[in-house]
Amino acid sequence: MIRIMVQPDPFDSALEEAMLRKSDLDIGATVSFTGYVRGEGDSLASMTLEHYPGMTERQLADIAERATDRWPLNGLTVIHRYGTLEPGDPIVLVIAASRHRTHAFEAASFVMDFLKSEAPFWKKERSNKGEHWVEARKKDEDALDRWS
Numbered sequence: 005m006i007r008i009m010v011q012p013d014p015f016d017s018a019l020e021e022a023m024l025r026k027s028d029l030d031i032g033a034t035v036s037f038t039g040y041v042r043g044e045g046d047s048l049a050s051m052t053l054e055h056y057p058g059m060t061e062r063q064l065a066d067i068a069e070r071a072t073d074r075w076p077l078n079g080l081t082v083i084h085r086y087g088t089l090e091p092g093d094p095i096v097l098v099i100a101a102s103r104h105r106t107h108a109f110e111a112a113s114f115v116m117d118f119l120k121s122e123a124p125f126w127k128k129e130r131s132n133k134g135e136h137w138v139e140a141r142k143k144d145e146d147a148l149d150r151w152s
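Each residue of the sequence shown is one higher than the last, beginning at 5 in the numbering used here.
Do not take every clue at face value.
Below 30 Å or equal to it, Euclidean Cα-Cα: the simulated DSS-like pairs (lysine-lysine) are [to be verified]:
hint: 1; residue 1: Lys143; residue 2: Lys128
hint: 2; residue 1: Lys143; residue 2: Lys120
hint: 3; residue 1: Lys120; residue 2: Lys142
hint: 4; residue 1: Lys142; residue 2: Lys128
hint: 5; residue 1: Lys133; residue 2: Lys143
Distance windows between CB atoms, simulated [what the hints assert, rightly or not]:
hint: 6; residue 1: Ser152; residue 2: Lys26; range: 30 to 38 Å
hint: 7; residue 1: Ser47; residue 2: Arg70; range: 30 to 38 Å
hint: 8; residue 1: Gly58; residue 2: Trp137; range: 18 to 26 Å
hint: 9; residue 1: Ala140; residue 2: Phe109; range: 22 to 30 Å
hint: 10; residue 1: Thr106; residue 2: Glu135; range: 38 to 46 Å
hint: 11; residue 1: Ala65; residue 2: Lys133; range: 30 to 38 Å
hint: 12; residue 1: Asp30; residue 2: Glu135; range: 45 to 53 Å
hint: 13; residue 1: Ser27; residue 2: Gly87; range: 23 to 31 Å
hint: 14; residue 1: Met5; residue 2: Ser152; range: 25 to 33 Å
hint: 15; residue 1: Met23; residue 2: Trp137; range: 29 to 37 Å
No lab work stands behind these hints: they were computed from the structure.
C-beta atoms are modelled at their ideal positions from N, C-alpha and C, and glycine is treated no differently.
Can you build the whole structure from these sequences, using the hints too?
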């Protein structure tokens, strides 16, 4: 079961994990990753994420399907927020469920690496120095090499 959500609202990671576990009693392990907006010192006031509805969900679903093709997962949840977020706000949740922990760990890591590089989100940071669009990072692209 793949569940993809792109939303402006906060999510409850414990509730999402409990829903996934309850849906399949054959799950032996879940691995969850929650990403937060970093404060970047005292300078970051907010981050605004923009996306194209429809296209974003399709790309997230494609990443999730690649993970489920690669590992025997019982379930995979991906929730990504958009809108204006402040330091400390949760921004992304990935929960991978499998009979075995190794598959869940690897799948969650795979999904996050590909979200960082392939998910069509545009980020604008606002700080005491003004606003700027966040550029793609080479280290995020390089992280994909380990999955080749």
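- Restraint status (C-alpha distance of Lys133 to Lys143 at most 30 Å): holds, 25 Å
- Can you let me know if the beta-carbon spacing of Ala65 and Lys133 is within 30 to 38 Å? holds, 37 Å
- Query: Regarding the pair Lys142 and Lys128, is the alpha-carbon distance no greater than 30 Å?
  - Reply: holds, 18 Å
- So does Asp30 sit 45 to 53 Å from Glu135, Cβ to Cβ? holds, 48 Å
- Message: With the threshold set at 30 Å, check whether the alpha-carbon distance from Lys143 to Lys128 stays at or below it.
- Response: OK: Lys143 and Lys128 at ~19 Å, within 30 Å.
- Task: Mind checking the hinted window 30 to 38 Å against the Cβ distance between Ser152 and Lys26?
- Result: Taking Cβ atoms as reference, Ser152 and Lys26 lie about 36 Å apart, which means the hint holds.
- Query: Could one say that the CB atoms of Thr106 and Glu135 fall in the range 38 to 46 Å?
  - Reply: For Thr106 and Glu135 the Cβ distance comes to about 42 Å; the hint holds.
- Task: Just tell me: holds or violated, for the beta carbon distance of Ser47 and Arg70 against 30 to 38 Å?
- Result: holds, 36 Å
- Message: A range of 25 to 33 Å was offered for this pair. Does it hold for the Cβ distance of Met5 and Ser152?
- Response: Taking Cβ atoms as reference, Met5 and Ser152 lie about 27 Å apart, which means the hint holds.
- Message: Given a hint of 22 to 30 Å, does the C-beta separation of Ala140 and Phe109 actually sit inside it?
- Response: Holds - the Cβ-Cβ distance for Ala140 and Phe109, about 25 Å, lies within 22 to 30 Å.
- Hey, Lys143 versus Lys120, does the alpha-carbon distance stay inside 30 Å? Holds: Lys143 and Lys120 sit about 10 Å apart, inside 30 Å.
- Task: With 18 to 26 Å as the target window, see if Gly58 and Trp137 comply at their CB atoms.
- Result: The hint (18 to 26 Å, Cβ to Cβ) holds, given that Gly58 and Trp137 are roughly 22 Å apart.
In this structure, none of the earlier numbered hints is contradicted; all agree with it.
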